[in-house]
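Note that full-length UniProt numbering numbers the sequence shown so that position 308 is 308, with each residue one more than the last.
Treat the hints as calculated values from the structure; they're not laboratory data.
Hints are supplied without guarantee of correctness; some may be wrong.
Here are the simulated BS3-like cross-link-like pairs (lysine-lysine), alpha carbons at most 30 Å apart as the crow flies [to be verified]:
hint	residue 1	residue 2
1	Lys-368	Lys-117
2	Lys-368	Lys-282
3	Lys-282	Lys-251
4	Lys-251	Lys-216
Computed Cβ-Cβ distance ranges for the label pairs, DEER-style [stated by the list, open to error]:
hint	residue 1	residue 2	range
5	Tyr-130	Glu-433	29 to 35 Å
6	Ala-466	Pro-440	20 to 26 Å
7	Asn-459	Tyr-217	57 to 63 Å
8	Asp-394	Gly-445	18 to 24 Å
9	Gln-113	Asn-186	49 to 55 Å
10	Ser-452	Asn-408	21 to 27 Å
11	Asp-184	Trp-321	26 to 32 Å
What you are looking at is a predicted structure, and each value in this text was computed from that prediction instead of being measured.
Glycine is no exception: its CB is placed at the ideal position from the N, C-alpha and C atoms.
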Amino acid sequence: MKKNTTLFTRRTIPGCRPSPTALLYSVLLAAVLLIFSGCATSLPPAAEGSRPSDVVQETRLEPEWIQEGLVYELFVRDFTPEGTFRAVIPRLEEIRELGVETIWLMPIHPIGQEERKGRLGSPYSIRDYYAVDPAYGSGEDFQALVDAVHGLNMHIIIDLVVNHTAWDHPWVEEHPEWYTRDADGNMVPPVEDWSDVADLDFSNRELREELTRVMKYWVAEYNIDGYRVDTASMIPADFWMESIPRVKEVKPVLFLGETNDPGLRAAGYQLIYSWDSYGWLKNTAQGKSAGVFVAGAERQMENIEGASYLRFITNHDETAWDAAPPVLFGSQERAMAMAVAHMFMPGVPLVYNGQEIGNEESWAFFDKWNYDWSMNPQVRDFYIRLGEIWQNEDALRFGDMRRIRLDNSEDTVAYVRRTLDSELLILVNTRNETAVPGLPPELHGSYTELFSDTPVQLNGETRLEALEYGVYRKN
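Hey, can you work out the whole structure from these sequences and the hints?
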């Protein structure tokens, strides 16, 4: 399939031609990675020489603002005590301080009453695609939030949930032919446990047209900057290939897909989830080799633009159903180390609201949650610095990644991020004890560590204290 060149551009050293079979290979590679990652075990290291170290690749996504800063996931219900659009506005500066460019709002629409889960229901059970939840405010209030975000030179996207609707969505009565049926003719949920929603049938042409109208509506009417698409790979790819170009005719927007299927990028998605490498990161936290995590991530990106991955250590799903990072990884300090290890890999980092204060509680998905935004100021300071570094370093925003082969790869995450003009070394000790990574001779020398802005000497005897991390620029 022909690569959609409107999604990204790449630069390589002159004379290095990309393979004409690159995209096909990437799909096959993704399938292999899925086999390895599905059991959450390990991945063999990439073969020596599989990616020549003298080839540097830069990736620039379109629109360009996608790589100007981090993505911040925000749930309006929980972000403030009021739980409204208007209440978010005074706190936008706090979000921007984290190095955020794009605010992703979880679903903003009215929530279904029928078969509702919990007291307030799931925001992913939508009763009306053309309205905002009155608990959050009015359409005018939402517009005020969009305008305030734009006034701070940030961008705003909203969750798009078009795989299913609430059972009391008007379409259930007005267009029953738009829904999937079982052998007995009954409407069904997309997954048995998702009992609060009814599955939509994308074989219906009228449904496709209406959903495309929905997507265009929020861009045209409220000037939003794109969508984070829920369950993107559960929806036929040909729908996205038809609808996304039509939405982008209104204005250039971001499509972030909840999927790790690289094939959807050819359908118009600029960003997809980095679920595979996130899984390998969790394995590392459970005692698996840090080198296997880095090797897997490097292999994941062979002929697949790493810049197209959303890099995270949590999101609303992981916090709700897995654990918040300090619990998942064992401590606040280890969660921060793991954030450096994963979020500085090629792609765009994600911060989920509450992550920046070291929230340790699992999110109450179907109820109201209140955060103490004054807690753990050292964690917020860490994320502010992480965002500053990411925004200021082209090697992190646009560069490729090269794994560093260490004498001790069990404990230490080690890789280089680089563009044609800059290079950074990332080292993370993932263990609660001192590690001696054994850096190769070509990396010995004088550096500046960017988190602390201090000069350091690195060599084969360099020691990393327990959970120590660093981003190093050679002097």
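Structure versus earlier hints - violations, ascending order: 3, 5, 9
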